[in-house]
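> If you're matching positions, the sequence shown starts at 432 in this note's numbering and goes up one per residue.
Simulated from the structure, these hints should not be mistaken for lab results.
Idealized CB from N, CA, C, for every residue including glycine.
Be a bit skeptical, because a hint or two may be false.
Claimed, not checked - Below 25 Å or equal to it, Euclidean Cα-Cα: the simulated SDA-like pairs (lysine to any residue) are:
| hint | residue 1 | residue 2 |
| --- | --- | --- |
| 1 | 582 | 501 |
| 2 | 598 | 560 |
| 3 | 634 | 528 |
| 4 | 492 | 509 |
| 5 | 618 | 632 |
| 6 | 470 | 529 |
| 7 | 635 | 473 |
| 8 | 635 | 615 |
| 9 | 467 | 529 |
| 10 | 470 | 516 |
| 11 | 435 | 510 |
| 12 | 435 | 502 |
| 13 | 471 | 587 |
| 14 | 635 | 466 |
| 15 | 582 | 621 |
| 16 | 582 | 628 |
| 17 | 559 | 462 |
| 18 | 492 | 537 |
| 19 | 492 | 538 |
| 20 | 622 | 632 |
| 21 | 634 | 434 |
| 22 | 435 | 477 |
| 23 | 467 | 599 |
| 24 | 492 | 433 |
| 25 | 618 | 537 |
As the list claims (entries may be wrong) - Quick list of simulated restraints, FRET-style, between CB atoms:
| hint | residue 1 | residue 2 | range |
| --- | --- | --- | --- |
| 26 | 463 | 579 | 51 to 59 Å |
| 27 | 475 | 564 | 35 to 43 Å |
| 28 | 537 | 565 | 39 to 47 Å |
| 29 | 556 | 603 | 17 to 25 Å |
| 30 | 475 | 594 | 19 to 27 Å |
| 31 | 615 | 513 | 21 to 29 Å |
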Amino acid sequence: MSVKVYLEGGGSGSDRKKRKGGRSEQSSKFREGFIKFVKKAGLTGRMPRFVPCGSRETAYKDFCRAIESGETALLLVDAEELVTVPGPWQHLRSSDNWIPPRSTTDDHCHLMVQVMESWFLADTAALKSYFGQGFRERALPKDPQIERIPKRDVETRLEQATRGTSKGTYSEGKHSFEILAELDPAKVREKSPYAERLFSTLKKYCQP
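Work out the full structure, taking the sequences as your base and the hints as a guide.
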């Protein structure tokens, strides 16, 4: 059985009006974006099943229920801030007061540091190609250590860089899933230790 990855993001309350067969339009796009992103990393075998949950709180609760029911599951949420402690569960215990379910380890918990958009900064060529004319690459943060850039700076600079493009100012619900599918996983893994950690874990579950 393939591993299920319970994700923060992919639609929430207002998006429920668009549900078809229990799935929302945003959830489907988010799932497709992650599948394309992972496949480009060369993973083969039993591919992970991505489960967009909307809010980070919902992702955590759904993950806990999955573990308690005996599922093989991972949790993937934004860190929201710089990770300064040794492990992801310790970070989430401090920031959100989340307790890891019994029998889980740090290998079950993964972080997008500080937010998923941090990964975009690892592949500015993909951003430039996606947004096209009017994209202002110089507006993006210059720090090569993308996990160190504060969430607010990532979001603000991304908006500034895309304001004059034909696709319009960056919006998570409108653009993020499509951008994710265009990223080069190798560039993301090189600049984001937590992304590398995620792919290394997924590879273990994908073995035939």
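> Which constraints among the numbered hints does this structure fail? Numbers only, ascending.
Those not satisfied are hints 1, 3, 6, 9, 10, 13, 26, 30.
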